[in-house]
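Visitor: The chain contents come next:
2 protein chains.
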Amino acid sequence: MEYRFSDIFRYIKPSEIRSLLKYTSDPELISFGGGMPNPESFPIKEMKEILNDVIDNYGKKALQYGTTEGLDPLRDELAKYVEKTEGIRAKREEIILTTGSQQALYAIGKIFTNPGETVITEGPTYVGAISAFNSNKAEMIAIDLDDKGMDVDALEERIRNFMANGTKPKFIYVIPTFQNPAGTTMVLDRRKQLLEISKRYEIPIVEDNPYGQLRYDGDPVPSIKSMDDDGNVIYLGTFSKVMAPGLRLGYVIADRQIVEKINLVKQGLDLASDSLSEYIAYEYLKRGDIYRQIPKTVSLYRKKRDLMLKSIAEYFPEGVKYTKPNGGMFLWVSLDEKIDTTRMLERALKAKVAYVSGAAFYPHGEKHNSMRLNFTYSDDDKIVEGIKRLAYVINEEMEVVE
Amino acid sequence: MEYRFSDIFRYIKPSEIRSLLKYTSDPELISFGGGMPNPESFPIKEMKEILNDVIDNYGKKALQYGTTEGLDPLRDELAKYVEKTEGIRAKREEIILTTGSQQALYAIGKIFTNPGETVITEGPTYVGAISAFNSNKAEMIAIDLDDKGMDVDALEERIRNFMANGTKPKFIYVIPTFQNPAGTTMVLDRRKQLLEISKRYEIPIVEDNPYGQLRYDGDPVPSIKSMDDDGNVIYLGTFSKVMAPGLRLGYVIADRQIVEKINLVKQGLDLASDSLSEYIAYEYLKRGDIYRQIPKTVSLYRKKRDLMLKSIAEYFPEGVKYTKPNGGMFLWVSLDEKIDTTRMLERALKAKVAYVSGAAFYPHGEKHNSMRLNFTYSDDDKIVEGIKRLAYVINEEMEVVE
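As they're listed, the protein sequences go chains A and B. Numbered per UniProt numbering, the first sequence spans residues 1 to 402. Numbered per UniProt numbering, the second sequence spans residues 1 to 402.
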């Protein structure tokens with residue numbers, strides 16, 4: 001039979017990253033493409049202890065439907081965790097668990113945007129956010145970022161233009177710390193300025209902070225949410241990078257009104273998050289395992305970042321630019337403007353190395369000469385070998401375009 | 001600050017069932033409201049063994065991001081399971097895991113309906129489906145059901161009316177076996193007729209079958225999907241009622257085109273389901289634990305159904321009608337037409353007994369004198385006591401309305 005699908009498929013397309021996953025079964029391929037944590041960072045031993053205790057102590061509850069907002073004691077532990085790590089003060093009622101941060105992004109798109117309404121993002125920005133906002137048929141405007149984060153002056157000018165036309169973007173989406181994909185961190189002054197802009201124009205900020213605890217050098221910069229006293233900031237956190245991404249658990253911290261709206265939307269999306277995973281996360285926080293695990297992960301990833309940077313310096317052709325992130329999981333590489341990394345990907349896959357091409361991180365694919373490299377997932381020897389292969393591919397491609 | 005929310009909140013409202021959950025902390029309240037399995041039905045011992053083996057054997061994979069479509073070996077085991085239990089033949093590529101059946105309902109609404117387009121449901125129908133379809137701004141038309149299931153003649157007439165106006169509903173949503181909330185089962189003839197209608201008018205059927213394995217008496221009726229050879233039926237299953245609902249795992253079996261569309265939408269919704277839960281489900285199927293657990297659950301629930309029916313016969317006033325389901329989790333009680341069960345609920349809560357009022361199960365709240373009673377969750381003594389309280393409440397309400 002012939003199916004009559006909705007028009008949503010004019011807005012969403014297969015994700016390049018997800019499509020790349022099918023190549024991961026090729027053992028020869030070295031992939032810098034995914035955004036996957038290294039399995040060495042998973043607290044397997046602690047997980048086993050926790051799982052046994054959860055089944056023994058809360059078995060029936062951990063297997064039963066939970067509430068849409070998530071387990072109360074987990075939300076209380078989260079309040080302590082974000083206060084300790086990010087200086088954010090939140091009450092239980094201001095926290096809602098989500099099925100990964102992806103669901104939070106989707107729900108936020110849904111509660112704020114009608115089809116065609118505008119959302120501001122950084123350019124480049126997280127591909128999963130593009131997918132979530134596109135799914136809600138939002139229009140995205142990307143504001144360039146540099147090594148100090150989003151260009152907030154350009155942002156304000158853009159907002160003024162909107163206001164002059166009698167309209168306003170619905171929210172401003174940023175990943176201020178160890179940005180995905182750029183690896184850059186927004187400096188404190190700009191964070192303050194962004195918050196001022198949010199207040200002045202009454203446009204909420206969505207602060208996505210999956211990587212904040214993965215700092216390898218430099219001093220922490222306060223989260224925007226920690227400076228927010230008027231409910232301007234909607235904060236997104238996740239267990240994916242500090243526990244395990246297979247347990248699909250993220251959270252939103254925001255004004256109660258927003259939490260209630262997300263709750264209502266989540267009832268239609270999946271009723272509630274995975275109870276067992278919520279109990280695991282609760283114990284992981286309560287026991288303090290998280291505070292012992294993060295430094296191990298940081299130490300593992302710092303070495304990998306250093307190794308990738310060193311290999312790039314050694315093998316990449318001159319003139320290639322790349323970020324040197326103080327944390328997170330990604331480097332952002334910018335090639336000669338003549339190069340289209342989407343087209344180059346085919347060549348790379350033949351050379352058995354993968355990345356995500358830069359265009360995927362722009363709402364309208366507007367820039368073509370960049371790529372995102374993940375440095376956390378691959379084994380050390382593969383990092384070196386993969387960068388060698390990529391250097392070869394770039395050199396080849398440059399010969400073609402010149 | 002003042003938030004500018006989208007117009008979605010004109011379409012979705014807080015669910016009465018979810019709202020009732022807040023009363024569950026009152027130990028005096030006897031709730032027939034939720035759709036929760038009895039925790040006695042959870043395979044706790046088996047879960048503990050499985051969890052330990054999963055961590056030992058697949059720890060790193062079970063904690064890592066999974067693919068959007070779900071674990072390949074789980075999909076293969078599911079193919080065997082649905083063939084054995086429901087006579088459905090499916091290839092791996094025709095199966096996609098979802099974060100509970102709720103996500104499947106949401107995604108199906110999303111891939112098929114543009115705002116204002118029509119979906120046909122049974123009347124009454126599952127409240128979570130109403131919520132999922134409303135979230136996609138679909139228009140719902142409920143076709144009455146009787147003790148033989150949906151009135152398929154009325155359905156065909158309705159479709160003809162649509163066609164006469166140059167339009168067509170996008171799909172037909174049914175819960176043919178042990179319907180939620182009515183407890184009725186669609187007879188074989190009507191299933192065949194429904195499939196014929198689907199073929200004739202090229203309108204897909206969404207067959208939701210969460211309770212199919214919970215049969216307490218009578219002979220199994222073939223699933224509609226088992227009779228489908230043209231991709232007319234989109235089949236929804238779940239682990240919630242045969243393993244544990246806290247592990248948010250459902251699945252869709254459908255034509256590859258549909259599975260691919262759901263995959264694309266799911267990437268925006270939550271990237272992938274919970275990996276740990278997928279590994280647990282895989283082992284639960286592979287070991288055959290599921291085939292040992294279902295008969296235990298059936299035996300537990302059969303007694304509870306019998307007890308509730310007996311108590312109703314004993315205590316409810318004459319003239320009250322109710323279904324006598326051969327399986328599933330719910331009874332549907334119809335009171336005097338003058339009674340509005342939504343209004344009566346306040347009186348019931350004062351008497352410390354809860355139900356879900358019938359209006360919640362109609363897309364436009366069109367009928368007011370019914371209620372859904374869950375018989376699986378409560379302890380036996382509470383079933384008797386709760387029915388006594390409810391009888392008292394009904395008698396009181398009847399005095400008021402007369």
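Don't read these hints as lab results, they were simulated from the structure. Being a predicted model, the structure only gives us computed values, none of them experimental. Fair warning: there could be bad hints in the mix.
Same chains, same names: a pair is fine if it fits in one copy or spans any two.
[Said to hold, decoys possible] Lysine to any residue pairs mimicking SDA-like chemistry, simulated, CA-CA at most 25 Å apart:
1. Lys80 with Asn369
2. Lys388 with Asp336
3. Lys48 with Glu396
4. Lys296 with Arg92
5. Lys91 with Asp26
6. Lys303 with Gly59
7. Lys45 with Asp56
8. Lys61 with Arg92
9. Lys192 with Glu2
10. Lys80 with Glu318
11. Lys148 with Asp56
12. Lys60 with Ile312
13. Lys80 with Lys367
14. Lys303 with Met227
15. Lys321 with Ser334
16. Lys350 with Glu202
17. Lys13 with Thr67
18. Lys168 with Met36
19. Lys80 with Asp53
20. Lys352 with Val320
21. Lys61 with Arg292
22. Lys382 with Gly59
23. Lys199 with Pro27
24. Lys286 with Asp56
25. Lys192 with Glu40
26. Lys321 with Pro222
27. Lys61 with Pro295
Visitor: Under the constraints set out in the numbered hints, which ones does this structure not fulfil?
Guide: 1, 3, 4, 10, 11, 12, 13, 14, 16, 18, 23, 25, 26
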